[in-house]
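J.: Can you build the whole structure from these sequences, using the hints too?
Chains as they are written, first to last, in my numbering: chain A, 1 to 208; chain B, 209 to 452.
Among the hints, a few may not be true.
Partner residues aside, some chain A positions facing chain B, computed with beta carbon under 8 angstroms [stated by the list, open to error]:
| no. | residue |
| --- | --- |
| 1 | Gly17 |
| 2 | Phe28 |
| 3 | Val139 |
| 4 | Ser157 |
| 5 | Ala158 |
| 6 | Ala175 |
No lab work stands behind these hints, which were simulated from the structure alone.
Don't be surprised by glycine CBs; every beta carbon is placed ideally from N, CA and C.
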Amino acid sequence: MASRDETLHELPSQTAGPYVHIGLMPNFSGIAGCWPQDLGTGGVDKRAKGERIGVVGRLIDGGGAPVRDAVVELWQADSDGVYPGGTDPRGKGDPHFSGFARSATDTPDGEFRFETVRPGVVHMADGRACAPHADLWIVARGINLGLHTRVYFPEDSAAHATDPLLARIEDPRRAATLVATREGGEGRPLYRFDVRLQGDGETVFLDV
Amino acid sequence: MSGTATKGTFYRRDRDRHPPALTPQYRTSTLRSPRFAPISLGQSAGDLTAPVFGHSILGPRDDDLLKNYDHGGDPIGQRIVVSGRLLDEDARPVPGALIEFWQANAAGRYRHKREGYVAPLDPNFGGCGRCITDDEGRYSFRTVKPGPYPWPNRLNDWRPAHIHFSLFGHGFAQRLITQMYFEGDPLIWACPIVATIPDREAIETLIAKLDLRGALHMDALAYRFDIVLRGRRSTPFENKKEGN
Chain A
1 MASRDETLHE LPSQTAGPYV HIGLMPNFSG IAGCWPQDLG TGGVDKRAKG ERIGVVGRLI
61 DGGGAPVRDA VVELWQADSD GVYPGGTDPR GKGDPHFSGF ARSATDTPDG EFRFETVRPG
121 VVHMADGRAC APHADLWIVA RGINLGLHTR VYFPEDSAAH ATDPLLARIE DPRRAATLVA
181 TREGGEGRPL YRFDVRLQGD GETVFLDV
Chain B
209 MSGTATKGTF YRRDRDRHPP ALTPQYRTST LRSPRFAPIS LGQSAGDLTA PVFGHSILGP
269 RDDDLLKNYD HGGDPIGQRI VVSGRLLDED ARPVPGALIE FWQANAAGRY RHKREGYVAP
329 LDPNFGGCGR CITDDEGRYS FRTVKPGPYP WPNRLNDWRP AHIHFSLFGH GFAQRLITQM
389 YFEGDPLIWA CPIVATIPDR EAIETLIAKL DLRGALHMDA LAYRFDIVLR GRRSTPFENK
449 KEGN
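T.: Here you go:
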């Protein structure tokens, strides 16, 4: 174990505030020319392996109103269940898949939208398998510490029964907040995953 | 498959040093704060890994807010250099990590469609920047000192001068957004957003120190701001063999 003699403390969080898009998505916010493209908005590389899927959802506050000034980040494994970046012990991962995306919720409905690939099975640090999912991280004015949650997919219900997170949530209504629904239509799957910050149907958030 | 050694799990986040979700003096938190306790289940491979952004994403002026929105001149205001190190809780440097920052101009005005303060925009100031830490976790950028500004909360609430920081570490569990304040600003201790942090000593870690040694002659003052992200165990995490 590393010596903890020189212990520092993580800096405390502060809200991302109402102007978070200036910092994280300046082109989206109307500040053109600082850099050509907002981080995490380039879509999926054509060479990436795996089935293309879409994830769309509304961010809703405790009064039922859409949250229109948030940023939602997505982080997920590739189609083989390996996280990009070179530090996943399961392998190097798909070199054409970044695993990361950002979306603003600046629409009338407070909607975020991601184009990605269907993630594979991943693992907990202790080796237990998790059903396929993507991690989401949500920041906005009025959110004092960024919120971690996960989006799971409805086709994997058998794997959900043994998933370390879903199996641990005693109230099935709460576990259901983490499973997207599939929107109708042929072709590329589109999943709906509404996030409720507070109140009826409040989404499960994680203390990672 | 047999596991390959990599870095270990992160130490528990000390939530007593972070703001709780519901802080009524910061009114927007009222309807945006979860009521259920967050669930802890241990960390997953997704928490222990993080996206990697190489220097190829950076342009030459991304870390220079004096020049990256140049519309024919420099922005008005006090020129400053902000620098420091990105460290973990064991004081180890965090190299190769993306830092993003944004701020109001010297008059306290953001370049944003929803901004309601009457202070003027600066035609040469966009207000955003980014950089990647070097091998020793160091970062540095040039900007103007942002002004304080009023905001709609309680009647006549004013934010102290501040710069927003977004931080990626080496694990998504380290993801953090916070704000940097300036040494000696009396508005820090009157701010309801600062006051969401329950621990005064923790607040003081967000206050950058004037760094006269780092000041540039006839050019810019300097502030020093070291940033600490969660630390992690040095023991590896390993996948159990198949079938175990």
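J.: Report the numbers of all earlier hints that the structure fails to satisfy, in ascending order.
T.: 2, 4, 5, 6
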